[in-house]
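*Asks:* Sequence:
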Amino acid sequence: MDAENTPVEEFDEENDTRGISRKTLLKAAIIGAPIPLLMGGVPALARDARQEGKLLDPTPFCGSGDPATIAQTEGPYFKPGSPLRDTLTGAGTLLTVSGYVFNRSCQPVANALMDFWQADNAGNYDNSGYTFRGHQFTNAQGFYKLTTIVPGLYPGRTRHIHVKVQAPGKSILTTQLYFPGEPRNNTDTIYDSRLLMNVRSNGSGREGTYDFVLNFTGTQTPTPTPTNSNTPTPTSSPGGTWAAGTNYAAGAVVSYGGSNYRCLQGHTAYPGWEPPNVPALWQRI
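Quick note: the sequence shown uses our numbering, first residue 613, plus one each step.
Keep in mind the hints are simulated off the structure, nothing from the lab. For every residue, glycine included, the Cβ atom is placed at its ideal position computed from N, Cα and C. Some clues are possibly wrong.
Label pairs and their calculated CB-CB ranges [claimed, not checked]: (1) S871 to T829: 30 to 36 Å; (2) P795 to Y689: 20 to 26 Å; (3) G878 to G741: 17 to 23 Å; (4) N751 to S717: 43 to 49 Å; (5) T880 to G815: 33 to 39 Å; (6) G735 to G870: 37 to 43 Å.
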């Protein structure tokens, strides 16, 4: 259960040869396609493929059509309403994870919502609070950076970090990030080598990199200009007071689709971030 007893910076090519049998990979909204490996078994980053001028392969994803796969992908410990923060503090080996979010046309995705959660150093999830839980937004270049620790192990799973990624107006990608060289990669039924991070030592800590590729092409939906009004403009369909372009403060209450929601984190609303779609920002009341 000690996160420091298993190396994370060693690369093992044998971990990269396992196939994947989940039938929902081809049925999901975002389908899985292999990300090539560089020499030595190191996963290639999407940013390295941009120069080729070809469409990028989307990040592997498991979606609707197989409840068991959904449960494995998100896991039983997801909790909506995580704090807006990019640093998750606690005892353990320091880990930074950084990278970019692209669309398949190699364009960076700005303002993508990224919700991270993971186990602590002992392999436990905080289900009463929000330790090792937090969400952030990519910057104008599509860049993100998470400061956390190397997660601990618990029975049945290899070492991993959970993440949900959503571009404005697009579907949610729910997936996990994995560490090269983990012995349990060979026995974990959910593990997929296409989700391996590049991981290296940095002093007493670790640095990981991974680029996400969301399954859409072309330009992003234009970012609406924030308004200074605290009074939401009613929407025409499906009805309610939530409105894109409105600057919502934490605690604000809106209606949408016949239900009421309370704002958990201050933000400017974008198309696609309707309350039912982003539980990290809105709580149904």
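*Asks:* Which of the stated hints cannot be reconciled with the structure, identified by number in ascending sequence?
*Replies:* Failing hint: just 4.
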